[in-house]
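This is what each chain is made of:
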Amino acid sequence: MFPFRRFRVEDESMRPTLAPGDYVLVNRWAYRVRTPARGDLVVVQDPESSERFLVKRVADAPNPREILVKGDNDRVSRDSRAFGPVPLENVIGKVWLRLRR
Amino acid sequence: MSLLHSLARLLDRISPAPIAYAHCDIPCGIYDPHHAQMAAHTVIRMVDLINQLEKPGPGATPEQRQEYMAKLARYVATKEQHAEIAKAEVRILWGDYFKPDHLKTFPDLHDLVWKALKSGSKARQEINVQASEDLLKATNEIASIYWKTKGLETIKVKAPYPTERETVYPKFH
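Those sequence lines, one after another, are chains A and B. Numbering-wise (the numbering used here), the first sequence opens with residue 1 and increments by one. Numbering-wise (the numbering used here), the second sequence opens with residue 102 and increments by one.
Next up, chain A with everything else stripped away, as it sits in the complex (with noise of 0.2 Å):
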């Protein structure tokens, strides 16, 4: 599989990093190497809603078996904080570069 894949954003809660329209290109290998850090733009697919992805950062990984997101516009992010832990199964990848409008 190619490592690279394309996401267009949408929806405010990781403004300033991305706004919507802006595109992200996602490593698709960055994880098979080491885990995710603190700090990683990722995206994941949603624990609620599994057809739909999510762009957030790390804000923790307490154990190598999951890692907590949150959005950089943390008064309107819906993150986990609402919906707790997300299991590294659901991480598609790292963003590797930002692409802004």
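Everything labelled a hint here was simulated from the structure, so no lab data went into it. No experiment lies behind these values; they were computed from the predicted model shown. Glycine included, every Cβ here is placed at the ideal spot set by N, Cα and C. Keep in mind that a hint or two might mislead.
As the list claims (entries may be wrong) - Heads up, simulated SDA-like pairs for lysine to any residue below, C-alpha to C-alpha not over 25 Å straight-line: (1) K249(B) <-> P85(A); (2) K200(B) <-> Q45(A); (3) K257(B) <-> Q226(B); (4) K200(B) <-> E48(A).
Unchecked claim - Simulated coverage check for chain A against chain B, where a stretch passes if three residues somewhere in it have a Cβ under 8 Å from a Cβ of chain B: (5) 54 to 60; (6) 70 to 79.
As the list claims (entries may be wrong) - For each label pair, taking beta carbons as the anchor points, the in silico distance ranges come out as: (7) N63(A) <-> E227(B): 55 to 61 Å; (8) K249(B) <-> F4(A): 39 to 45 Å; (9) V76(A) <-> E227(B): 28 to 34 Å; (10) L105(B) <-> G84(A): 21 to 27 Å; (11) L88(A) <-> I131(B): 27 to 33 Å; (12) L112(B) <-> N63(A): 34 to 40 Å; (13) K259(B) <-> A37(A): 53 to 59 Å; (14) V76(A) <-> V177(B): 37 to 43 Å; (15) N63(A) <-> K259(B): 43 to 49 Å; (16) R32(A) <-> H274(B): 42 to 48 Å; (17) P3(A) <-> F273(B): 45 to 51 Å.
The hints should help you fit chain B onto chain A, whose structure is shown.
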């Protein structure tokens, strides 16, 4: 606008990129179907009280008529207000709590919400025991689905209120 961004937009015309949501919500997560059920009970209670109210006969004094009017007005106002509360609470659960994934497991959820809203409107407009009971029934069924999504079993028992209608409660043990 960067060149790479323009390139990504061009690629979207050939094959649209999936969306990654920077999903927003006030992270509250506090929902409970009991508000809707209680409001439905209040509507039933008001209908019962209205029906039990002794209507002033032809020989009633002005004071008796006034008392009747005052009581009726209060019951009707409360009935309408709580029918609206029940509808609002159902809408909150439907719009904010339930997600498309829930619908896969509970495909009749939309229909139940629709029934709750319709019977809520009817119970508000009319003095109608059946409509107010239908409202409670729909909120009970929504409550049962809600608690299942939380991994909790439910029981259906007589409510400890004067209305005494069967009500769905979660089993916490």
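Against the structure, the hints:
For the given pair, K249(B) sits about 21 Å from P85(A) by alpha-carbon distance, which is consistent with the 25 Å threshold. With a CA separation close to 14 Å, the supplied pair K200(B) and Q45(A) stays within the 25 Å bound. Note on K257(B) and Q226(B): the hinted pairing is violated, with a Cα-Cα distance of about 28 Å set against a maximum of 25 Å. Among the hinted pairs, K200(B) with E48(A) is consistent with the structure: their alpha-carbon atoms are about 7 Å apart, no more than 25 Å.
Counting residues of the region 54 to 60 of chain A whose CB falls under 8 Å from any CB of chain B gives 3; the rule of at least 3 is met. With 6 residues carrying a beta carbon less than 8 Å from a beta carbon of chain B, the region 70 to 79 of chain A meets the three-residue requirement, and the given coverage holds. Judged by the Cβ atoms, the range 55 to 61 Å given for N63(A) and E227(B) holds: they are separated by roughly 58 Å. Distance hint for K249(B) and F4(A): a CB-CB separation of about 40 Å, consistent with the stated range 39 to 45 Å.
Between V76(A) and E227(B) the CB atoms are about 42 Å apart, so this pair departs from the stated range of 28 to 34 Å. Between L105(B) and G84(A), the C-beta spacing of about 35 Å breaks the proposed range 21 to 27 Å. One distance hint, 27 to 33 Å for the beta-carbon pair L88(A) and I131(B), holds here, with the actual separation near 28 Å. For L112(B) paired with N63(A), a C-beta distance near 37 Å keeps the hint of 34 to 40 Å intact.
The supplied range of 53 to 59 Å is met by K259(B) and A37(A), whose beta-carbon atoms lie about 55 Å from each other. Checking the proposed 37 to 43 Å range against V76(A) and V177(B) shows it holds: the Cβ atoms sit about 41 Å from each other. Take N63(A) and K259(B): their Cβ atoms lie about 46 Å apart, and the range 43 to 49 Å holds. Checked against the given bound of 42 to 48 Å, the beta carbons of R32(A) and H274(B), roughly 44 Å apart, stay inside it.
The supplied range of 45 to 51 Å is met by P3(A) and F273(B), whose beta-carbon atoms lie about 47 Å from each other.
Checked against the numbered hints given earlier, this structure breaks hints 3, 9 and 10; the rest are met.
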